[in-house]
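Let the hints inform the model, and build the full structure from the sequences given.
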Amino acid sequence: MKAWLRLARVPFAFTAATDALAVGLLAHVALGSDATTTRWAAVLGAAVLVYAFGMMLNDWADRTEDALHAPDRPIPSGALRPTAVAVAILIVAAGALALGHLAGTLPAVSAALVLAALYDLGTKRSVIGGAAVLGLARAANAAQVPLAAALAGAVAPTALLAALAVGAYAAAITIHSAQAEVGVRYTLLVRTLVGLAFAGAAVLAWVAAGSFTLATMFASMLAFGVASSTAFGRTPRPGPIPKQVREMLGGLYVLAYVIASAALGANALWALGGLVAAWGMAIASQLVVRALRP
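One rule links them: number in this note's numbering = place in the sequence shown (from 1) + 6.
Hints are computed from structural coordinates only; laboratory data are not their basis.
We treat Cβ as the ideally placed atom computed from N, Cα and C, and that holds for glycine.
Keep in mind that the hints are not guaranteed to be accurate.
[Stated by the list, open to error] Below are the SDA-like pairs computed for lysine to any residue, each with C-alpha atoms no more than 25 Å apart in a straight line: (1) Lys249 with Ala73; (2) Lys130 with Gly110; (3) Lys130 with Ser116; (4) Lys130 with Ala100; (5) Lys8 with Ala73; (6) Lys8 with Pro82; (7) Lys130 with Val93; (8) Lys249 with Glu187; (9) Lys249 with Ala76; (10) Lys249 with Leu298; (11) Lys249 with Arg191; (12) Lys249 with Leu74; (13) Lys8 with Leu96; (14) Lys130 with Val295.
[Stated by the list, open to error] Label-pair restraints from in silico Cβ distances: (15) Arg191 with Ala85: 33 to 39 Å; (16) Ala290 with Ala85: 21 to 27 Å; (17) Phe238 with Ala104: 21 to 27 Å; (18) Arg240 with Leu96: 40 to 46 Å; (19) Gly38 with Leu157: 17 to 23 Å.
Following this line, the structure appears as structure tokens:
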């Protein structure tokens, strides 16, 4: 079981769910609509399965290369057989599509799966091109609710742009991760994407809320802190790139809070609770990473 959890990158799988939840909440605020618990569960479940699909397919596609450079991964180590992983990938994809159909978000889920497959099976060989494709995959996964609404004739521009902010941040993580392999630094590009993602998310949340609430105020301060800290090279903290990437992945929870702040209103309990939850999930993800190490 531990090998399967490592294969699916479970410590950060729920960042996909918080992305979809945050952008979906922003869409509901902008459109003045609501959704059932069943639909929310299907949206979040589909988002997690899309993430797991991308991670599993990535390791399956790289199994030969990993045998030389990352022999401790589940497939090259012999913990999981390639055939079993291939079957699991198909099952996970089918599950994501089924939940997308149930939630009424099948176009976004399908697009995210296709883009993730394109990245895993080829475009990741290009640092910038691969990051762009992966960013779009992440954006499509996050945009399930507003994209479904747009296809039905109800457009929420702030939510769609917030999904692109998620994609920009994911692209920054991808580029930063690839730097160690290609030997080329993209420091300015990474910092710019992170800054734009957080600053843009804060502005979009404020616009969707219609005014500064307690939550959007917290979110704006947080976004400014992350953006400025990144601009001056203090975030992520100095250290090995893999460790920095894990820190940046945890930042997705914080970005989700910034986006969702539009829906949290002026209630201090919701505003502070959301902030604590975001930081708590970021810390918990790091602890799970340690627990799953071989």
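Hints violated by the structure (listed by number, smallest first):
2 and 17
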